[in-house]
Amino acid sequence: MSVAYVFPGQGSQVVGMGKALADAFPEAKAVFEAADDALGEKLSTLCFEGPEDALKLTANTQPAILTVSVAAHAVLKKRFPAVPAFVAGHSLGEYSALVAAGAMKLADAVRSVRARGTFMQEAVPAGLGAMSAVLGLESAQVTAICAQAQAETAGWVV
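Take 1 as the starting number for the sequence shown in the working numbering and just add one per residue.
The set of hints was computed from the structure by calculation and includes no laboratory data. There's no promise every hint is true.
Unchecked claim - Listed below are the simulated DMTMM-like cross-link pairs for lysine to aspartate or glutamate, each with C-alpha atoms no more than 25 Å apart in a straight line:
id: 1; residue 1: LYS42; residue 2: GLU27
id: 2; residue 1: LYS78; residue 2: GLU33
id: 3; residue 1: LYS77; residue 2: ASP23
id: 4; residue 1: LYS105; residue 2: GLU41
id: 5; residue 1: LYS105; residue 2: GLU94
id: 6; residue 1: LYS105; residue 2: GLU152
Computed from a predicted model, the values in this text were never measured in an experiment.
Turn these sequences into a full structure, and let the hints steer you where they fit.
Next comes the structure, spelled out in structure tokens:
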């Protein structure tokens with residue numbers, strides 16, 4: 001039987017995430033401490049206690065989700081030492097997968113996604129823009145909807 005690990009992307013954040021792991025498992029706590037050290041701030045406190053509006057900022061969300069994902073992986077790896085055949089991640093989760101695969105160190109990943117999140121946050125100010133998922137439509141329908149949205153927003157200045 002093959003094992004694969006798939007890591008989540010942005011949008012899975014919630015205040016309190018990772019606290020139970022860090023409280024119960026020393027290897028998870030060590031991951032949070034390493035992320036705190038790499039960033040020079042208490043990311044762990046933001047994950048465990050919030051505030052929610054600060055956790056929702058992309059510059060914070062991305063290193064927070066990465067850290068929780070790597071902490072969960074550390075617990076899993078210690079207790080179930082099966083080597084996964086595959087690791088993957090959705091968007092931001094790709095960085096968690098890189099750490100899990102040993103291709104990137106946690107400290108480098110957490111600093112990289114902090115920068116990534118900061119750049120993304122600066123590109124679109126808070127409260128502007130949105131992301132959505134398209135489910136169950138044919139590509140021609142999606143193309144038509146995008147063309148209509150583009151026509152309706154032509155000339156907008158942001």
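We went through each hint and held it up to the structure:
no. : hint              : result
1   : LYS42 <-> GLU27   : holds, 17 Å
2   : LYS78 <-> GLU33   : holds, 18 Å
3   : LYS77 <-> ASP23   : holds, 17 Å
4   : LYS105 <-> GLU41  : holds, 18 Å
5   : LYS105 <-> GLU94  : holds, 13 Å
6   : LYS105 <-> GLU152 : violated, 45 Å
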